[in-house]
Amino acid sequence: MSDDHDESTLGQIETEVALLMRFGEATRRATGTAEHRVLDRAAYVILRHLADAGPQNVSALAARLNLDGSTVTRQVSALQRDGLITRTPDPSDGRGTVISPTPAGLQRMAAVQAARTRLYGDMLADWTPEDRNTLAALLSRLNQALINRNRPR
Numbered sequence: 001m002s003d004d005h006d007e008s009t010l011g012q013i014e015t016e017v018a019l020l021m022r023f024g025e026a027t028r029r030a031t032g033t034a035e036h037r038v039l040d041r042a043a044y045v046i047l048r049h050l051a052d053a054g055p056q057n058v059s060a061l062a063a064r065l066n067l068d069g070s071t072v073t074r075q076v077s078a079l080q081r082d083g084l085i086t087r088t089p090d091p092s093d094g095r096g097t098v099i100s101p102t103p104a105g106l107q108r109m110a111a112v113q114a115a116r117t118r119l120y121g122d123m124l125a126d127w128t129p130e131d132r133n134t135l136a137a138l139l140s141r142l143n144q145a146l147i148n149r150n151r152p153r
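UniProt numbering applies: residue 1 is where the sequence shown begins, and numbers increase by one.
Simulated restraints on C-beta separations:
#, residue 1, residue 2, range
1, I147, R81, 26 to 32 Å
2, P89, S140, 32 to 38 Å
3, R74, N143, 21 to 27 Å
4, T88, I13, 40 to 46 Å
5, P91, D126, 48 to 54 Å
If you are wondering where the hints come from, they were derived from the structure by calculation, not from laboratory data. Ideal Cβ positions, reconstructed from N, Cα and C, are used throughout, including at glycine.
Based on the sequences and whatever the hints tell you, model everything.
Laid out in structure tokens, this is it:
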């Protein structure tokens, strides 16, 4: 009986995560404010990480985001072309470069972050502070489990 209940719960989690990803993307696209669209998803995640962690080389950024280095290199090139990041020589390895957000990149990232924060504030307005805290904690645990699962062994 316990295995059947656990299987049912895991099935519900799988469904809810799939719906979360689908509805989250649909909400982002349907939101009328321009702030949500000033950066694509990849650019936002890269800039958000750089804002939190500081300058990084491509391999460190790729490892943190669980992406292939060539994928991150293409995304970083697009960000550089748009003036949202800069590359400087890596002080620990003169052959490599370190990526840093520009003021314009940080401004766009902050605009998206503020728009998303307002959106979640509106959507969760009738939730208790305890429920919002619980959701934040559980999402953090889920993200950490995904990071641990995808980490090279």
